[in-house]
Amino acid sequence: MLLDLQRSITVRLPAAAILLLGFAFAFPAPALPDPAPASAARPQVDLGEFARLSIQNEGRVKPLDTYARSLLLQFSSRSSYEDLSALEWLADLLFTPDQVEDRKVFRINDYQTVKALGLDLPEARRYSYRELAKGITKLQKLSHDVAQLEEKQRSPVDQELLRLNFNLGVYQSLAVCLRFSRKVETFAVQNGRLAAILGIKDDKQPHSYLEMLTAEGSLKQNSTVAGIDRVALQIDSAEAAGIAREAQRLSKELFFWRKFSQDDAMAIIPPFTSDQETYWTPWQILSGLGSSPPPDELRHIADAAEAYRAGNSVEFSLALKSFDKTVSDRKTGKLGSKHGDLEVLYNRVQPFKTAKALYLTAFLLVLASLIGTGRLGYWAYRGALGLALLAALPHTWGIATRMTIMSRPPITNLFETFITVSWVCCMLGLATEWFQRNRLGLIIATFSATALLFISDKYAAEGDTLSMLVAVLDTNFWLSTHVVAISLGYSGCCAAGVAGHVYLIQRMLGADRATLTSTFKAVYGILAFGLVFSFIGTVLGGIWADQSWGRFWGWDPKENGALLIVLWCSVLFHARMGGRIKELGMAVGSVIGITVVMFAWFGINLLGVGLHSYGFSQGVFFWFILFIVIESLFLIISLYEFPKKQRQTI
Amino acid sequence: MWNSFKKNRFVKILASFDVTVICLLFLMVLTFWGTLYQIDYGLYAAQQKMFRTWFFTFLGFIPFPGAKLVLWVAFINLVLAGLFKHTYHWRKIGLLFIHYGLLILIVSAGFTYHFAQESSLTLAEGEAANVSDDYHEWEIALWRQTAKGDTVTRDGEAVSLRSAKPGETISFPTFSASFAVDQKYPNCKAMVGPPKTGFLANSFNINELISQDDASDPAENNPGVILEFSGKSAVNLIGKMIVYGGAPTATPIEVDGKPAFIAVRRVKHPLPITLQLIAFRKTEYPGTDKARSFESDVALGHGGVFKKANISMNKPYREAGFTFYQASFAQSGQGQTSTFAIVKNYGRMLPYICCLMVGGGLILHFVMRLFQFARRKKLGENHAA
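Residue numbers (this note's numbering), protein chains in the order written: chain U, 1 to 650; chain P, 1001 to 1385.
The reader is advised that the hints may include incorrect statements.
[As the list claims (entries may be wrong)] Derived pair list, reagent style DSS-like, types lysine-lysine, alpha-carbon separation capped at 27 angstroms:
| no. | chain 1 | residue 1 | chain 2 | residue 2 |
| --- | --- | --- | --- | --- |
| 1 | P | K1377 | U | K521 |
| 2 | P | K1315 | P | K1282 |
| 3 | U | K582 | P | K1092 |
| 4 | U | K152 | P | K1049 |
| 5 | U | K183 | U | K201 |
| 6 | U | K458 | P | K1290 |
| 7 | P | K1290 | U | K152 |
| 8 | U | K558 | P | K1006 |
| 9 | U | K338 | P | K1282 |
| 10 | U | K338 | U | K353 |
| 11 | P | K1258 | U | K558 |
| 12 | U | K558 | P | K1344 |
| 13 | U | K338 | P | K1344 |
| 14 | P | K1189 | U | K152 |
| 15 | P | K1085 | U | K582 |
| 16 | P | K1049 | U | K558 |
| 17 | P | K1378 | U | K521 |
| 18 | P | K1006 | P | K1085 |
| 19 | U | K204 | U | K141 |
| 20 | U | K582 | P | K1012 |
| 21 | U | K325 | U | K104 |
| 22 | U | K582 | P | K1377 |
| 23 | U | K204 | U | K183 |
| 24 | U | K141 | P | K1290 |
| 25 | P | K1049 | P | K1148 |
| 26 | P | K1258 | P | K1268 |
| 27 | U | K521 | P | K1085 |
| 28 | P | K1068 | U | K558 |
| 29 | P | K1092 | U | K521 |
| 30 | U | K582 | P | K1378 |
Please keep in mind that the hints were generated in silico from the structure rather than gathered at the bench.
Build the full structure now, drawing on both the sequences and the hints.
And the structure:
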């Protein structure tokens, strides 16, 4: 049975306004067509195998697809470059580095940073490698100085310099990492006799470092006149000197390439013995080979690179498959990421993006159902309910997949708190809807899930959100009890806060007593849920602290944040028991409760000194303050505008 | 009498919800304020100023209740509410659990605050000890040591640094030695150089102590004293002596014609066992310097009989009311040291009991109310139909 909200014009107008705004937001205007898309004139190669390739990065073995996304996010705060996917961008950078130097991928949050580098560039959000390359020497010097400072003393520009220096370092590393596979003029054997000695057919043609490396022993042998077997070759000393000169040149080139090709980013070659865990980058292997021949893995990578440049999709995939086979034939264990394919699928599906769009549409439909009368309203409500349930599917799948990939409970970092709390809010809302069937639960579910998933996007911009845990957090037991309980507490308080907003809006619009009371019951019940789990989570946190640090409580900021939530909820319940506040007070209290939760959740992190990523934290701080201002205004307006006569009855 | 007590106006107020709400609000303000206060002054200062005091003042003169006072009032409020307000009915069993659990929590906090003893122990690989160091309390110790093979036995006595006041005398009766305290520095740094006139040489060539402000974490303070031989004694020294808490080795002196050592050191607490560090291991995630685990292999000795154990992050070792935690480490060219935090707290199980009671009570109450609500709703619907 639908317990109808008032369908007065006062309900419909604001709902219609939000609806319009929401649609504008959900379907942004199409971007202007780019005169020359980045995808033009680049090799069209199927990257399926490439996406699945394993790389070890930030302590975790992950598919290259994930690495590409997090890297591009880290560089440019975006997960794609123009019309290219992150993976396509990475492939271009690896295989054809000199053709992509003009791509503007380096986000600089503070223009002062560009000025500090002495570069004469216009103010922009992103710069290309070619633009920044001139400032690299200065950047390295400045970063070196900044690194000497304590974290507390670094200015935002200092932080930005460090970040840029790091990013450029990774970029350079990636640009050289497959250099060994490129055929270059440097390694064209200019002496036909020497080419014959080395067994190289196409003399004077470019060769790759890898090809030349197989001849290194022979080169060394022939780099002195004395070492050349003149009798067998039937040559005079002048000719021998020519051979030796060329052999010397090539040897020297090999040496310098080895010496100056620094690459510590592209760790894609699994360890060769089962007692090791660290993956190798191609150049780490190449510079440590000594006189042994290069492993087959490098040959396959070189073949793949060659095929990519030639735009040969079949050979590219084949070479990568051979690489994979060579690696798995070694049987050294711990190979590849355990759920690599699942992770690639997860990246492709982007479950939270889908869920977000569905929740938003469902929210708009709920609003539509408030305006629409009769059948229209009924079907809008049905549609909203259906969409909310549908949205919960990818949402749930996303969380479950992350848990499977990492073999962890749902929450191990800040990003995951948002996706999990939004999920719980959705469930609480749906449960309320099941109890009350009057759209309130749907509003709670769809609004809080949408809002929290939007916030989660901000945190996803930090890079790979599937991150490894520092030692003190490395315990599945506490992560699945304390952290989950605290998040359930957050969810309860947030969902109750949303219901509190609804209560105040309904009251402003002059809703009847029964409607208000039913909304109040939802506020009360969900807030109680929040209190229960906040308290349990806080005490479990104390026990965890007792287990790992030897004290139950130490007034540490994060502990205090959790305590604040518990205290605030307790204040509300006791004040109500004591008759100091009634329905309205509870609703206002639950609205304030959201701010308390936000403070405990990520406000605390902003207090800390030594913020890691300046642009990001500044942004969060701004939004946090803006949120408090808006909430305060909302409370003032909602409490002030109401006619005095009715206020006394509540 | 019971009834008159119950009806007493003051008691009524103390047991009221208003007092509960006020206490909770004060605690909220304190928690929030204490959190912000930490940014500038550090955790310890916040604890001392706001949480461990009855009262404190801000802006120079405005008084504000400290957490100690607020918690005491909350405790009384809870007890009185338990006596007069709670209805002892099975329907309220969840609420009763919650509030009695909280009562235990406050008691356990008080117990821990007054009786728990925290100390630390740093060992190099291979090293063993049966005493630990206090974090904040220091002492002036005088001892003789005899070496027998690898085992060094120290016989001596110690005087708390707190009791050593400039101008007064401290004495060590077993050595029949006493010293006049010339200067005392709660936190100071030491300068190295040739001894000044009238000063005796010390093992680390310290010739001057310079007073410093307290560190934001007082555990980082390094106190020092300047002592002078006083009165009759067999201490063979003439002149002043600098004893610095930050010096890595003790100062050798001669007492009664025999060699002895004097040092300012952290108060030593006896342990129920001998702890020997066999090896310390730190592992990182491959290819990064992000710590994956810290662990120490240790041998625990009970009167000469040792057994092996492992202490790692989140996996402490417990025995006889003592708990040993992996707290810190240091790595250098000379090898590795591992630092353990040691807590002696006989009340450490209390929060666990409280957690079970309150958590269980909250869930019980919540579920009971939920069912109540659902039943009423159903009744209401039937009624309406």
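How the hints compare with the structure:
Our distance criterion of 27 angstroms between C-alpha atoms is met by K1377(P) and K521(U), whose separation comes to about 11 angstroms. Taken as a hint, the K1315(P) and K1282(P) pair is honoured in the structure, with Cα atoms around 15 angstroms apart against an allowance of 27 angstroms. A C-alpha spacing of about 22 angstroms is found between K582(U) and K1092(P), which places the hinted pair at or below 27 angstroms, so the restraint holds. Taking the CA atoms of K152(U) and K1049(P), the gap is near 24 angstroms; set against the 27 angstroms cutoff, the hint holds.
At roughly 14 angstroms between alpha-carbon atoms, K183(U) and K201(U) fall within 27 angstroms of each other, so this suggested pair holds. As the CA atoms of K458(U) and K1290(P) are separated by approximately 24 angstroms, the hinted pair is consistent with the 27 angstroms bound. Note on K1290(P) and K152(U): the hinted pairing holds, with a Cα-Cα distance of about 21 angstroms set against a maximum of 27 angstroms. Distance hint between K558(U) and K1006(P) is unfulfilled; the C-alpha atoms sit about 41 angstroms from each other, more than 27 angstroms.
With a C-alpha separation of about 25 angstroms, the suggested pair K338(U) and K1282(P) falls inside the 27 angstroms cut-off, and the hint holds. Simply put, K338(U) and K353(U) have alpha-carbon atoms about 25 angstroms apart, close enough for the 27 angstroms limit, and the pair holds. Distance restraint check for K1258(P) and K558(U): the Cα-Cα separation of roughly 55 angstroms exceeds the 27 angstroms cut-off, and the hinted pair is therefore not satisfied. A distance of roughly 25 angstroms separates the Cα atoms of K558(U) and K1344(P); the hinted pair therefore holds under the 27 angstroms criterion.
Restraint check for K338(U) and K1344(P): the C-alpha separation of about 44 angstroms exceeds 27 angstroms, so the hint is violated. As the CA atoms of K1189(P) and K152(U) are separated by approximately 24 angstroms, the hinted pair is consistent with the 27 angstroms bound. Between the alpha carbons of K1085(P) and K582(U) the distance comes to roughly 20 angstroms, so the proposed pair stays at or under 27 angstroms and holds. Between K1049(P) and K558(U) the CA atoms are separated by roughly 19 angstroms; this keeps the pair inside 27 angstroms, and the hint holds.
Distance restraint check for K1378(P) and K521(U): the Cα-Cα separation of roughly 15 angstroms lies within the 27 angstroms cut-off, and the hinted pair is therefore satisfied. Of the pairs offered as hints, the one joining K1006(P) and K1085(P) holds, with about 10 angstroms between alpha carbons and a cut-off of 27 angstroms not exceeded. Using a Cα cut-off of 27 angstroms, the hinted pair K204(U) and K141(U) is violated, with the two alpha carbons roughly 41 angstroms apart. This hinted pair checks out: K582(U) and K1012(P) have alpha carbons roughly 22 angstroms apart, not beyond 27 angstroms.
Under the criterion of a C-alpha separation no larger than 27 angstroms, the hint pairing K325(U) with K104(U) is inconsistent with the structure, at around 36 angstroms. The suggested pairing of K582(U) with K1377(P) holds, with an alpha-carbon distance near 21 angstroms, which does not exceed 27 angstroms. A distance of roughly 12 angstroms separates the Cα atoms of K204(U) and K183(U); the hinted pair therefore holds under the 27 angstroms criterion. Our distance criterion of 27 angstroms between C-alpha atoms is met by K141(U) and K1290(P), whose separation comes to about 26 angstroms.
Taking the CA atoms of K1049(P) and K1148(P), the gap is near 49 angstroms; set against the 27 angstroms cutoff, the hint is violated. Only pairs whose Cα atoms come within 27 angstroms are accepted, and K1258(P) paired with K1268(P) is accepted, the gap being roughly 24 angstroms. Between K521(U) and K1085(P) the alpha-carbon distance is near 25 angstroms, which keeps this suggested pair within the 27 angstroms criterion. Proposed proximity of K1068(P) and K558(U) is supported: the alpha carbons are some 21 angstroms apart, at most 27 angstroms.
Of the supplied pair hints, the one linking K1092(P) and K521(U) holds, its CA atoms being roughly 20 angstroms apart against a limit of 27 angstroms. Restraint check for K582(U) and K1378(P): the C-alpha separation of about 25 angstroms stays at or below 27 angstroms, so the hint holds.
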